Amino acid sequence: DILFVEGMENYVIIHTANSKEVVRNTLKKIAELLPAGVFLQVHRSYIININKIDSIEGNMINIDNTRIPISKNYRDTVFAALLDKDKG
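Add 2 to a position in the sequence shown, counting from 1, and you land on the number used in the working numbering.
These aren't lab readings, by the way, just hints derived from the structure by calculation.
The reader is advised that the hints may include incorrect statements.
Pairs of lysine-lysine residues, derived as BS3-like cross-links and limited to a Cα-Cα distance of at most 27 Å, are as follows [to be verified]:
{"#": "1", "residue 1": "Lys74", "residue 2": "Lys30"}
{"#": "2", "residue 1": "Lys31", "residue 2": "Lys54"}
{"#": "3", "residue 1": "Lys74", "residue 2": "Lys89"}
{"#": "4", "residue 1": "Lys87", "residue 2": "Lys54"}
{"#": "5", "residue 1": "Lys22", "residue 2": "Lys54"}
{"#": "6", "residue 1": "Lys31", "residue 2": "Lys74"}
{"#": "7", "residue 1": "Lys54", "residue 2": "Lys89"}
{"#": "8", "residue 1": "Lys74", "residue 2": "Lys54"}
{"#": "9", "residue 1": "Lys54", "residue 2": "Lys30"}
{"#": "10", "residue 1": "Lys74", "residue 2": "Lys87"}
{"#": "11", "residue 1": "Lys89", "residue 2": "Lys22"}
{"#": "12", "residue 1": "Lys30", "residue 2": "Lys87"}
Note that this is a predicted model, so its numbers are computed, not measured.
Sequences are here, hints too, so could you generate the full structure?
Put into structure tokens, the structure is as follows:
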């Protein structure tokens, strides 16, 4: 049910279709707990559920009326993962 996770220093906000949960943890530790084939870090502050992407416009991913940036550091990895997902 997780749409995306947003990091804010020592807290993360877990966004679902129906709620936002604030958790005291780092984005890095949350990333280790999430399944790698489904969740992908796209920015230093965001991890997304690739199955919940509505669209991609340039360097922005749209999920549930939220625009999430794709940073230059993650761009190649993000598009490679999305292409692999579409093949499978």
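Hint check results:
| no. | hint | result |
| --- | --- | --- |
| 1 | Lys74 x Lys30 | holds, 18 Å |
| 2 | Lys31 x Lys54 | holds, 21 Å |
| 3 | Lys74 x Lys89 | holds, 24 Å |
| 4 | Lys87 x Lys54 | holds, 12 Å |
| 5 | Lys22 x Lys54 | holds, 16 Å |
| 6 | Lys31 x Lys74 | holds, 22 Å |
| 7 | Lys54 x Lys89 | holds, 17 Å |
| 8 | Lys74 x Lys54 | holds, 21 Å |
| 9 | Lys54 x Lys30 | holds, 21 Å |
| 10 | Lys74 x Lys87 | holds, 20 Å |
| 11 | Lys89 x Lys22 | violated, 32 Å |
| 12 | Lys30 x Lys87 | holds, 23 Å |
In terms of the numbered hints stated before, the structure departs from hint 11 and from no other.
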